[in-house]
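Asker: Since the structure of chain P is already known, use the hints to place chains W and S on it.
So the sequence lines, in the order shown, correspond to chains P, W and S. Using our numbering, the letters of the first sequence correspond one by one to residues 1 to 138. Using our numbering, the letters of the second sequence correspond one by one to residues 1 to 446. Using our numbering, the letters of the third sequence correspond one by one to residues 1 to 551.
None of these hints come from the bench; they were simulated from the model. Computed from a predicted structure; not experimentally measured. You may find that some hints are simply not true.
Said to hold, decoys possible - Calculated cross-link-like contacts (lysine-lysine; reagent style BS3-like; alpha-carbon spacing at most 30 Å):
1. Lys50(S) / Lys96(W)
2. Lys96(W) / Lys28(S)
3. Lys306(S) / Lys489(S)
4. Lys31(S) / Lys4(W)
5. Lys110(P) / Lys37(W)
6. Lys31(S) / Lys66(P)
7. Lys253(W) / Lys354(W)
8. Lys25(S) / Lys66(P)
9. Lys91(S) / Lys108(S)
10. Lys96(S) / Lys112(W)
11. Lys116(W) / Lys280(W)
12. Lys110(P) / Lys50(S)
13. Lys28(S) / Lys90(P)
14. Lys271(S) / Lys515(S)
15. Lys146(W) / Lys515(S)
16. Lys37(W) / Lys118(P)
17. Lys116(W) / Lys42(S)
18. Lys104(P) / Lys4(W)
19. Lys25(S) / Lys108(S)
20. Lys306(S) / Lys112(W)
21. Lys112(W) / Lys42(S)
22. Lys50(S) / Lys104(P)
23. Lys36(S) / Lys116(W)
24. Lys96(W) / Lys40(S)
25. Lys123(P) / Lys280(W)
26. Lys86(P) / Lys31(S)
27. Lys277(S) / Lys429(S)
28. Lys110(P) / Lys47(S)
29. Lys123(P) / Lys37(W)
Stated by the list, open to error - Taking beta-carbon pairs under 10 Å as the criterion, some of the chain P residues facing chain S (in silico):
30. Gly88
31. Lys104
32. Leu105
We treat Cβ as the ideally placed atom computed from N, Cα and C, and that holds for glycine.
Here is what each chain is made of, one letter per residue.
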Amino acid sequence: MKTEEIVHLLENVYKYNISELSIKSGDEKIIIKNGIDERAVDTVETVTERIEGESKNRIDEENIIKSPLVGRFYAAPAIGSDNYVKVGDKVEEGQTLAIIEAMKLMNEIKSEYSGTIKSILVKNEELVEYGQPLFVLV
Amino acid sequence: MFEKILIANRGEIAVRIIKVCKEMGIKSVAIYSEADKDALHTKMADEAICIGPAPSGDSYLNMENIISAAVGTGAQAIHPGFGFLSENSLFAEKCKVCNITFIGPTPEVICKMGNKVEARNMMRNAGVPIISGSRTPVFDVCEAKKVALELGFPIMIKAAAGGGGKGMRISNTEDDFNENFVTAQMEANSSFRDGTMYLERYIEAPNHIEFQILADKYGNVIQLGERDCSIQRHHQKIIEEAPSPKLSVKLRKEMGNIAIKVAKIVNYEGAGTVEFLLDKFGKYYFIEMNTRIQVEHGITEMISNVDIVKEQIKIAAGYSLEFKQENILLQGHAIECRINAENPKMGFVPCPGKINNVYFPSGNGVRIDTALFNGCSVSPFYDSMLAKIIVYDSERKKAIRKMKNVLEKIKIDGIITNLEFQNAILNHRDFEEGNFTTDFIVDKFS
Amino acid sequence: MNDKDNRTDRNKENIPAVPPGMWIKCTKCGKLIYRKELEKNKFICMKCGKYFRMPSENRILDIIDEGSFVELFTDVLDKNPIDFPGYSEKKEIIKKETNLEEAVITGKASIGHIEVMLGVCDTRYLMGSMGYIVGEKITKLFENATKAQLPVIMINCSGGARMQEGIISLMQMAKTVDSVKQHSDAGLLYISVLTDPTTGGVAASFAMLGDVILAEPNSLIGFAGPRVIEQTTKQKLPVGFQTSEFLYEHGFLDMIVIRRELKERIYEILKAHQKPKVIERKRKTISVCTFCDYKDSWKKVQLSRKIDRPTTVDYITHVFERFIEFHGDGETGEDQAIIGGIAFLDNIPVTVIGHQKGKTTEERIIRNFGMAHPEGYRKAIRLMKEAEKFRRPIITFIDTPGAACGVEAEKRGEASAIAKCIYEMFNLKVPILSILIGEGGSGGALGLAVANEVWAMENSTYSILSPEGFASILWKNEKRAKEAANLMKMTAKDLLDLGVIEKILPEGNGASEFKVITDFLQVQILDFIYNMSLKNEDEIVASRETRFRSF
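If we strip away everything but chain P, and leave its shape as in the complex, we get (with noise of 0.2 Å):
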């Protein structure tokens, strides 16, 4: 992929908020995160790397936490709170990741998995529907 491209999605990325983007061109594999990491506020991050045996073993290891119901994504217990978690906080297993509201009752969408957050995959308020992936845990 040509420098300039690249540079043109991370613009992309940066402009409409993206928080993770993956891109495969023939063995060829560019994925761009948008760290909301209290480090790296406002950088964007790029990862090139080579689609081969051992790195297809790294994304087996991605854990999705998916939403299991339609409703409206919260990532903060109140308005005014923190964020339950953000990008590279170590996560338990059970531990609330983020609430759901259907029905004017708050779901709270709990991690199937230990691990660190590495990326959040909705926006605060958004719909969520059935089986989106909100969390992808490492």
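Answerer: Quick look at chains W and S alone, frame taken from chain P:
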């Protein structure tokens, strides 16, 4: 008018409703299960929300997820289509509570018509002809036999909670009554956990005639004529036509008026269907009212030139009916064949699978309602209906000929269908002559 | 900007939104439940079956005949007996929130056309705790029921005595119990239904004093709350501790009843406790079965022990109708080796009790082969006294190799339990009939057989102990059991000759003729009941005493 409607259904009816929305300039929201990710309705709507895994109990019947999807996308109305939640009064009530318009009658009306014993009693009291039967539910075989002897044989034993032929038996004589009653009740108990039974006189070899009704919120009710749905197998319709070859002009008018009366008795609103049985002596009996759009509504649209789905939406949005009964002119003849993914040689077992290549012919007076496309899959989780082939012509004979031509040209590669079986029915002399009853398939094809 | 805002306002009516409070979340399965649907489903989660606590007004509608409820005792004056700060204000707030006047609703109603006095507690009002008003209303309920000769049904749920009323709350326990006692002394029925939670001062007073105590499944029932026990004892409590099932196992519940069946069960119990109608002599024609007499006593012993012999349950279900089984001794446990309850014979309610051996291997193990522990005999006494209170004849079925033999049985006082059973049976003012249907093994058999008349099925036995035991004690040789059997005079014929029994009932060809046997038995028992109905209470007691004095 609504700005956005959520379609709580799948398959061809969802596609049909989305198309109407587009025609009316209304945004559409599709809902889909994980199995329908690539389905036509999912792709065609302006928005699509996944509401659950493949089994319909967790997706297309998941009221909370569907309502959340409507609230979340800002859809002001929900069109339930047919099947699934279309006749669920609780769903209609939940929509109402959430300030979402349920496109259909009120929860109270759905509830009233859904309770078959209550609906029958209500109609009897209003002077609508019904099949004579037990006025109150029966539970006990001895008590039931007394009622049966009063009503006369043959007699139909039905579960109050029944459906799909379960808990239903026909007793021909006094001698086989006890046995039939007990097995029907056992079946009812195991299928519905409810052994409440009722009895009614059994009408031999009737025709199934239904009238299409439209009613607005202001008490205006019209009927769009009848459909003859007598070609059935296992109580499932497979060919419908409008008008019925069995009705005289006079009888049509009389039954049409009764259908309007039925709708008025319950303060009906929306599109509905009043079903009758017509016996061989030309006597008719109200059986039930379906409070939703029917699968076979297309044939009525062909002969009446009224778009029933569009009318449903307009009525729900509070518009009054644009036409009066005298404006309705029924012309020509329309036939519908339901093409199902099933094997007629193996007791009509559903045959899901992947469709490699599909072709439907078109032409004057040919309408195909389907959600199929090349490379799509027919899921084992849902109904096996693939397409509704509707043809229209000036008279019945011509319509049959047209249908035969269309069926011949249809190609559906990859799965087994009932196309050939449909052809065989169309070619049967009795069908061609309009000489059939609900026993047709059992009598001629088993 | 302004323009936009106005537009949103205008459109507000059309915006779909979920109103708050219409849906609730199941605390067990987490599913979202539409409140009205839950209400229709009797407050049971449609998805996972969890029982939600039921508001009193729904509970009343659920168990009574439609429109039959008349609320009573609403005029009890409010009190703040120890001037607890903020108490009155708190009550005002709860009243507004719940629309409840107090933690119990009392009144009169009918269930299946039987008139009852009904009290229903409500946990929404200060956890259903009992203060002056609750105590007073319940006391008045029982007092009025006593006056009007009506049964009382209490649907209980409460955290206990109300803290804010201090010692006065504690006094309510005594006050209510006395009103229950007076109601009971008047020979009236009290059905107590325990629901989640029934603890503390309510559990330790009127709630545990029902003639019949029912409970909903998996309800918390106990005296001290589980948290208090855990903190005090520093012990981790076992799973299922203080649940209905736990109490049932320990003998304190007659029955665990699912919510859907509560009304039906209450109705059946009410019906079974109605005063029996005047007993008439009925003459039924029956086909008589024949005696198949074996001379050999050992053969009889073998027949009496035959594995496929009809058991007590078979007799109960074939001779009687609508058997309602009650469980537990009300003291320590529930023993399945003895079953008992109320059944109907030609619409006359009778109490039936018997040893139950079991029909399958699994059942036989659960039933301990019909060898009862002390709690079995204590349950029998409890049920017999209940029968006496409601003037019901008692029929017992004897079929046991003997009482349970083991460390646990001795620890809990097997000898004492049997002795008391014999003692109490002499006291009962209602007629008792005992029928030997299989093995009548020793004291374990006699424990249920101190009757006005004792009958024996043709192939049953009754003896001081088993022929094997007899041989081993007398001759130190168990193998000589056959010989012993002939000497012991234990067959029905021997017993009749000795005057130990009044009657032998033919068995015909056994199982194939069981219907004939039970029809015959039915007529015989009806005759017995009729004959005894001609005697007064003293005569009944005296005739039993005379019968056993003669030995």
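Asker: Could you tell me which of the numbered hints above are not met by this structure, giving the numbers in increasing order?
Answerer: 7, 10, 19, 20, 25 and 30
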